[in-house]
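Guided by the hints, dock chain B onto chain A, whose structure is given.
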Amino acid sequence: MKVIGVHLDRCTGCKTCELYCAVERGSNGKTLFKAVQESPAPQPRIRVAGSNETPLPLQCRHCLQAPCLDACLTGALVRDPETNLVIIREDRCIACWTCTMYCPYGVIFPWPQMKIALKCDRCAYMENPVCLEVCPAQALELVELDDFEKIFRQRWQEINEILTSSNKKKGLLLLDLGR
Amino acid sequence: METIHVKTVDPVSQELLRSAAQQGLRLNWERYEKLQPQDGFLRVGLSCPFGCLQGPCRIDPFGHGPDRGLCGLDRDGMVAAMLLRLTFHGALEAMNDVSTPDNISQISWPAPLDEIVARALKNLGGDGLSLKEIYRTAFFLHRPMEPPERLIVQALRLGILTLGLLEKRRTPGDVRGSFSCKAGWGLLAGHNVIIGICGQPTRELIEVIMQRVSRKSSVPVQLVSLGDWVPLNDGFLPCACTSGEAEMLLSSGRVNLVLSGPGTDPSLPEMCRSLDIPLIASQGLPEAEEILRLARQSYGVRSRASLTPDPSMVREARVIMDPQGLEGFLKRESFTSLALLGGADTPQQPFGWIPVELASAWRGEGRLVAGWGDAALWMIKSGLASDGDGHAVQILDPNQAPLLALKALATSGKLENLQGVCFTGLKACRDLGVALGLASLGVNVCVAVPLPLWGSEKVRKLLEEKLAAGGGILTYYDHLPRAQEILKWFLKEEK
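Protein chains in written order, with this note's numbering: chain A, 1 to 179; chain B, 1 to 495.
In case anyone wonders, no lab produced these hints; they're calculated from the structure.
Built from N, CA and C at the ideal position, the CB exists for glycine as well.
A few of these clues could be false.
Stated by the list, open to error - Just the calculated beta-carbon pair ranges, DEER-fashion:
#: 1; chain 1: A; residue 1: 128; chain 2: B; residue 2: 64; range: 22 to 28 Å
#: 2; chain 1: B; residue 1: 65; chain 2: A; residue 2: 150; range: 51 to 57 Å
#: 3; chain 1: A; residue 1: 148; chain 2: B; residue 2: 64; range: 28 to 34 Å
#: 4; chain 1: B; residue 1: 143; chain 2: A; residue 2: 51; range: 21 to 27 Å
#: 5; chain 1: A; residue 1: 95; chain 2: B; residue 2: 484; range: 29 to 35 Å
#: 6; chain 1: A; residue 1: 158; chain 2: B; residue 2: 266; range: 50 to 56 Å
#: 7; chain 1: B; residue 1: 469; chain 2: A; residue 2: 30; range: 34 to 40 Å
#: 8; chain 1: A; residue 1: 10; chain 2: B; residue 2: 65; range: 50 to 56 Å
#: 9; chain 1: B; residue 1: 283; chain 2: A; residue 2: 148; range: 53 to 59 Å
#: 10; chain 1: B; residue 1: 97; chain 2: A; residue 2: 54; range: 45 to 51 Å
#: 11; chain 1: A; residue 1: 156; chain 2: B; residue 2: 145; range: 51 to 57 Å
#: 12; chain 1: B; residue 1: 283; chain 2: A; residue 2: 141; range: 23 to 29 Å
Claimed, not checked - Computed from the model, here is a short list of chain A residues facing chain B with C-beta under 8 Å:
#: 13; residue: 11
#: 14; residue: 12
#: 15; residue: 16
#: 16; residue: 32
#: 17; residue: 34
#: 18; residue: 37
#: 19; residue: 41
#: 20; residue: 42
#: 21; residue: 78
#: 22; residue: 79
#: 23; residue: 83
#: 24; residue: 87
Stated by the list, open to error - Quick look at which bits of chain B chain A covers, simulated, 3 or more residues with Cβ under 8 Å:
#: 25; stretch: 37-45
#: 26; stretch: 55-68
#: 27; stretch: 447-461
Pulled out of the complex, with its shape left as it was, chain B reads as follows:
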């Protein structure tokens, strides 16, 4: 049975875990352990993903039980459809982020990505991409009638579409240059009223609160993000922790009020309720004054704070917001290879272990690292992104990366220097779509968490062949890989 040995590499987090255990608080780790083993049929892809009410049909992976669903669908069809359904959700998530998706009749790509995409699509059916792919996929997933090959090709096309939607998400002229981002437990040092932001509240609300708090007050108020990348006009909101550590942070008693926006996990409001931390949902259109009043009131009431972090535990890094920013850096630095590391925290691996270990091991003479997401926050926290020399890890805009890096490399003619892209953890289906899209474009992609593809050898082979035709690789494991293993993968792919 899969077991958990180490929860996080951060000593402060380990201290908070102990403190939470003493208080009897149940954090994400406890939930994860209690959930084990998670539905095995689903994990190997053998739980039928079609939207059919005759089921649920599940196929025995060892062959002594049912080998076909009620409609006659076999294991290959189920696993391929599972992959398609996940990428379908990923594309829908990406579409939701685009402000006016109805206007996108045809996905256009900036040069020189257009050539790469055209080449990839030639291997995957030939036609251009549009939002019709979404409707076509919905039709495919209506009833199991298409062969696995067709479903896999469609999943890869949706992967590229997801990349295209991410490209559309950032309108030209929206954001330029680089943003500053601070991260670390040290943000909670001192005697401030702390307002924790989780999810994505509207930028306007946060700006208004920040204007109010900048006025003189007897007790200063500080806004920190609980792991989400919250963009402001001139930078990102400082992140006190990664998204995986948000519950631990709340358990410390240092946060006086939580402002939640869309995308907040249900565990955080629950934690607020159990700890009597005032919680305000941004969807209720709260007044900034009211938020501040409640936070100050809570500060006066609350005195229990088990966390007294060192103020020096804050690191700052520049976040590259457009391809030109990365291009400039790549032109300045002489390098032979660039590794991209990113993704969300996952309880399947010790938090921070893979990003910090890999980035430390990879960067060096001629080797550069760029990161995004929770992985990037770990790199910032560990100081890997704030070194003065040219070997500092480059942090990329979490909404565009790794597409941003791909564009920069393609424009500067250094695409062959892209060593590979490693997803240290997948949280949303959109991340899986991005991984598949990149692999379809000929990039070497590695996913450090198991994918539900192990129920069908045929599907795994078909996927490998389709990606190989476009020059791409998607590596995933039948176990939780160690950092050393992924490093070896990068070295193997070294040209």
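Only chain A is shown next, with the shape it has when bound in the complex:
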């Protein structure tokens, strides 16, 4: 299963992902100029939390054991058998917001005006998620879940190399990362 990975060191908190997620997935017009005129205002499925110094783009993790699936009263939240993604069937949602309370990451959002819960479905029916396409810093990346371990090891190695390089500052502690 592919999920959206976030390079936190690249994210600048510009919220371009939020903007175009709302345009592409939340609006009828599908263009920015049309979307900003729509009522109710289109809402994004991704939210950038945190401060300017430590922005954190939040979207659904598609947990392997997803509490929201058990919490949903009407069966609106289901796991897609083909992609393994947790998706919401908006026609079945009764806006009880139970899922929003059960989500451990707080990435299911209520949309009271439309009486549905909003969550990222990783743009399952598109070639690539729109947030990935629009991110100017390329902070978002689509990765296989199994590849995460490999990516972490690579990053640990990079940090080790930086810390052990010849021009390191005197007195810098060498952290035993990745071992």
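Chain B in isolation, oriented as in the chain A frame:
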């Protein structure tokens, strides 16, 4: 998401696009596609334009994020200030073109434009226009303290000022009558040494080069413009392409040397470097002999030319350089309406599509078309400006149009016959200033590219009301309009 379907209507350009893709060259289209989507907050006007270092402040257009900047400025203030900042830059660009701007204490207008301007200014604060407007605007944009209404009025006043500066730009007695201009890919036919001119090198340098090349030589040398209107003493330099197609032209390998002047896009020197085309900047005060020597040397080295255009693909048109020239034409022809089409190429629309389609559709019985800029070059290339009958598109001096047309119509008492002015593409802020200035004077103006005004409904309404008070209309779209849509706009405005 906005996507690109068709890049240009010109079959030769399409061929060059394919050829460039095979060579692995990246043209303006590739850059445009890679840039998409461009900064959304800026596009709707919700990125704070004030020169403040506390920001950048950006407001969420959908209301779930920040709704005010750090100083407390709301969306209406930001969008209005964005409009003002753009027109401010436009006025500065126009001021730069005036040789002695310091001497302009008060903008004067020739009759009968003076009455029209006075009427318009009455709706916009009353005072006369001077360069003080520039300083006042700079003060407005210093800190966000003025309400949106005030900023919009100031933007409209600056629009009129931009028109006034364009009027000042042409000193009386400078240029009279009409100039000739050739355009088309056919200029590159034959075995000539081709020197491409981009930007605005000094007229003296080009004249000296032309005198030198007129002497007998084994291989003739030809100077062509890469889309810029370069005035000479008795005409414009022939244009091989429009400004949007300049990179495509360079990728063809037919140009042996490029002489660049002020106003050249950075992409052209870059393209020259990647294709090993010698590039000389006119700012370095090069010698004409040296330019010719390098061009001939490059001609001897370069043999790769993927473009072999038909020599017949050249059209010639007369460019009207003063209002009297257009007045004479309007007196000769019986017409009920005149549509003005002009502006720069923009990758947001297929090159040449709107000018050619609209001009072809509009001209006819009692309907005339006049054009300027890249749009005019497209009309010349497609033969619309060189027909023998009275329905040929009239090409206007790119530095004065559409002010030139307005003056001619006002003098001949046919201002009510002006159907509308359509800007097919905006490149410089000056063009936006001209569009706003014309709309402020009561003209129906249409802009075929989206303006960054969609972040505030209040600002859009205020702008509409202010312009309506003076009898003007500024139409802009929340999408890229098709030619048919703009034609309908012209028909709707038909009196």
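Structure-based check of all given hints:
Restraint check, residue 128 (chain A) to residue 64 (chain B): a C-beta distance of roughly 24 Å satisfies the suggested window 22 to 28 Å. Distance hint for residue 65 (chain B) and residue 150 (chain A): a CB-CB separation of about 35 Å, inconsistent with the stated range 51 to 57 Å. As the Cβ distance of residue 148 (chain A) to residue 64 (chain B) is approximately 30 Å, the hint placing it in 28 to 34 Å holds. Remark: the range hint 21 to 27 Å for residue 143 (chain B) to residue 51 (chain A) is upheld by a beta-carbon distance near 26 Å.
For the pair residue 95 (chain A) and residue 484 (chain B), the supplied restraint of 29 to 35 Å is violated, since their beta-carbon distance comes to about 42 Å. Between residue 158 (chain A) and residue 266 (chain B) the CB atoms are about 34 Å apart, so this pair departs from the stated range of 50 to 56 Å. For the pair residue 469 (chain B) and residue 30 (chain A), the supplied restraint of 34 to 40 Å holds, since their beta-carbon distance comes to about 35 Å. Checked against the hint of 50 to 56 Å, the C-beta distance between residue 10 (chain A) and residue 65 (chain B) comes to roughly 20 Å, which is inconsistent with it.
Judged by the Cβ atoms, the range 53 to 59 Å given for residue 283 (chain B) and residue 148 (chain A) holds: they are separated by roughly 54 Å. In this structure, residue 97 (chain B) and residue 54 (chain A) meet the distance hint of 45 to 51 Å, their C-beta atoms being roughly 48 Å apart. The beta-carbon spacing between residue 156 (chain A) and residue 145 (chain B), approximately 52 Å, falls within the hinted interval of 51 to 57 Å. In this structure the supplied range 23 to 29 Å is violated for residue 283 (chain B) paired with residue 141 (chain A), their Cβ-Cβ distance being about 44 Å.
A distance limit of 8 Å between C-beta atoms decides the matter here; for residue 11 (chain A) the minimum to chain B is near 16 Å, and the interface restraint is violated. Interface restraint check for residue 12 (chain A): the shortest CB-CB distance to chain B comes to about 11 Å, outside 8 Å, so the restraint is violated. At a threshold of 8 Å, the smallest CB-CB gap from residue 16 (chain A) to chain B is about 6 Å, leaving the interface hint in force. With a least beta-carbon distance of about 5 Å to chain B, the hint placing residue 32 (chain A) at the interface is held under the 8 Å criterion.
The criterion of a C-beta within 8 Å of any C-beta in chain B is met by residue 34 (chain A), whose closest approach is roughly 5 Å, and the hint holds. Using the Cβ-Cβ criterion of 8 Å, the hint placing residue 37 (chain A) at the interface with chain B is satisfied: the shortest such distance is roughly 7 Å. At about 4 Å, the closest approach between the beta carbon of residue 41 (chain A) and any beta carbon in chain B falls short of 8 Å, and the interface hint on this residue holds. Proximity of residue 42 (chain A) to chain B holds as hinted, the smallest CB-CB distance being about 6 Å (cut-off 8 Å).
Checking residue 78 (chain A) against chain B: minimum C-beta separation of about 26 Å lies over 8 Å; hint violated. At its closest, the beta carbon of residue 79 (chain A) sits 28 Å from a beta carbon of chain B; the interface hint therefore is violated under the 8 Å criterion. Look at residue 83 (chain A): its Cβ only gets to about 22 Å from chain B, farther than 8 Å, so that hint breaks. Hint status for residue 87 (chain A) relative to chain B: violated, with the closest Cβ pair at about 21 Å, above 8 Å.
Restraint check on the stretch 37-45 of chain B versus chain A: 6 residues with Cβ-Cβ distances below 8 Å, three needed, restraint holds. As drawn, the stretch 55-68 of chain B meets chain A at 7 residues by the rule of a beta-carbon pair under 8 Å; at three or more, the given contact holds. Remark: the stretch 447-461 of chain B is confirmed as covered by chain A, as 4 of its residues place a Cβ nearer than 8 Å to a Cβ of that chain, reaching the required three.
Hints 2, 5, 6, 8, 12, 13, 14, 21, 22, 23, 24 from the list above are not met by this structure, while the remaining hints are.
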